[in-house]
Amino acid sequence: GAVVSQHPSWVICKSGTSVKIECRSLDFQATTMFWYRQFPKQSLMLMATSNEGSKATYEQGVEKDKFLINHASLTLSTLTVTSAHPEDSSFYICSAMTGLSTDTQYFGPGTRLTVL
Amino acid sequence: AQSVAQPEDQVNVAEGNPLTVKCTYSVSGNPYLFWYVQYPNRGLQFLLKYITGDNLVKGSYGFEAEFNKSQTSFHLKKPSALVSDSALYFCAALDQAGTALIFGKGTTLSVSS
Numbered sequence: 001g002a003v004v005s006q007h008p009s010w011v012i013c014k015s016g017t018s019v020k021i022e023c024r025s026l027d028f029q030a031t032t033m034f035w036y037r038q039f040p041k042q043s044l045m046l047m048a049t050s051n052e053g054s055k056a057t058y059e060q061g062v063e064k065d066k067f068l069i070n071h072a073s074l075t076l077s078t079l080t081v082t083s084a085h086p087e088d089s090s091f092y093i094c095s096a097m098t099g100l101s102t103d104t105q106y107f108g109p110g111t112r113l114t115v116l
Numbered sequence: 001a002q003s004v005a006q007p008e009d010q011v012n013v014a015e016g017n018p019l020t021v022k023c024t025y026s027v028s029g030n031p032y033l034f035w036y037v038q039y040p041n042r043g044l045q046f047l048l049k050y051i052t053g054d055n056l057v058k059g060s061y062g063f064e065a066e067f068n069k070s071q072t073s074f075h076l077k078k079p080s081a082l083v084s085d086s087a088l089y090f091c092a093a094l095d096q097a098g099t100a101l102i103f104g105k106g107t108t109l110s111v112s113s
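Protein chains in written order, with my numbering: chain X, 1 to 116; chain G, 1 to 113.
Bound conformation, chain G alone:
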């Protein structure tokens, strides 16, 4: 079965420090991977995606993600966290049919000042 795992329910980091939000996947074929961010009572905002090409993908708001095929991971990173980055982050993958998104359970990022 295809799945996306986010092993951490919550990540806490101090403002200015680097942050990593972990994601691993299990999908058939070449993975199409995404990161979305959700602020309270809001929909999801697209951050970045990996389809093919460079393993390091750069996205919105200074975020980037590193695709690692051998580890089946797609961790989200940012060199210097901001308090405003505090939100719920979802990793997702397209299913085998290439239409439906399979979401991880989400990771709450809390950045303290």
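Only chain X is shown next, with the shape it has when bound in the complex:
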């Protein structure tokens, strides 16, 4: 149980284009989902927290107009990187928290974004 998927697992795009990454909780309803960014050999940096049906809460320094987060249902959150640039290249990981357990986050497999 508590499986989280991400799609796509790897995406390459041209500079200036927008990329959408999906995060789905497959066997539970996720009241809260999180988006992280991870640089090579570094820890995870929380980008934003999203609750179903409400606006995401962004961490300091994260541009909300650049990283659009939508949590339209209890099983799906999307992260759209708008007008992507090479410096946005990174590993993006989502996690989800079930309504039953408000302390444990279950992580998706991650999406590697490469912007040319």
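Heads up, some of the hints might be wrong.
Per label pair, the in silico range of CB-to-CB distance [unchecked claim]:
1) Pro18(G) - Asp65(X): 47 to 55 Å
2) Ser83(X) - Asn41(G): 21 to 29 Å
3) Asn12(G) - Gln29(X): 37 to 45 Å
4) Ser15(X) - Ser70(G): 30 to 38 Å
5) Asn41(G) - Ser73(X): 26 to 34 Å
6) Gly29(G) - Thr57(X): 18 to 26 Å
7) Asn41(G) - Thr82(X): 37 to 45 Å
8) Ser18(X) - Asn17(G): 14 to 22 Å
9) Met45(X) - Pro7(G): 35 to 43 Å
10) Cys13(X) - Glu64(G): 40 to 48 Å
11) Gln2(G) - Pro40(X): 23 to 31 Å
12) Asp65(X) - Tyr61(G): 39 to 47 Å
Hints were generated in silico from the structure; no laboratory data involved. Every residue gets a Cβ at the ideal spot worked out from N, C-alpha and C, and that includes glycine.
Could you slot chain G onto chain X? The hints should help.
Okay, now just chain G, sitting in the frame of chain X:
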């Protein structure tokens, strides 16, 4: 400020030997502590957590962790390491609000055969 520290960038151990990956924390209130493992190009897998109760917490794949309040530590342990345990390990704590995870920088575990 709340923080999680993993003092070792890398831990090397021979297969069959016991392993310890260290973690110390600085959080307000009662700590909620976690260990996650990450394999290359993969997301994080939950290993175990401490919320309350016994100081020795048992988790997945034979791992356990010992909570020590006086030393503010939560070291990850395994009695007999496997080559397949080689991965990146993250210690984490819930922040004061109880929603966001604060991660340590990670420790690479390398188990040699």
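Going through the hints against the structure:
1. Pro18(G) - Asp65(X): 47 to 55 Å: holds, 50 Å
2. Ser83(X) - Asn41(G): 21 to 29 Å: Hint holds: Cβ distance 26 Å, inside 21 to 29 Å.
3. Asn12(G) - Gln29(X): 37 to 45 Å: Given a distance of about 42 Å, which is inside 37 to 45 Å, the answer is holds.
4. Ser15(X) - Ser70(G): 30 to 38 Å: For Ser70(G) against Ser15(X), whose Cβ atoms are near 53 Å apart, the range 30 to 38 Å is violated.
5. Asn41(G) - Ser73(X): 26 to 34 Å: The hinted range 26 to 34 Å holds for Asn41(G) and Ser73(X), with Cβ atoms some 28 Å apart.
6. Gly29(G) - Thr57(X): 18 to 26 Å: holds, 21 Å
7. Asn41(G) - Thr82(X): 37 to 45 Å: Violated: the Cβ-Cβ distance is about 25 Å, outside 37 to 45 Å.
8. Ser18(X) - Asn17(G): 14 to 22 Å: For Ser18(X) and Asn17(G) the Cβ distance comes to about 49 Å; the hint is violated.
9. Met45(X) - Pro7(G): 35 to 43 Å: Given a distance of about 20 Å, which is not inside 35 to 43 Å, the answer is violated.
10. Cys13(X) - Glu64(G): 40 to 48 Å: Taking Cβ atoms as reference, Cys13(X) and Glu64(G) lie about 43 Å apart, which means the hint holds.
11. Gln2(G) - Pro40(X): 23 to 31 Å: Once the Cβ atoms are compared, 25 Å apart, the range 23 to 31 Å for Pro40(X) and Gln2(G) holds.
12. Asp65(X) - Tyr61(G): 39 to 47 Å: Given about 42 Å between the Cβ atoms, the range holds.
Consistency note: the structure conflicts with the earlier hints numbered 4, 7, 8, 9.
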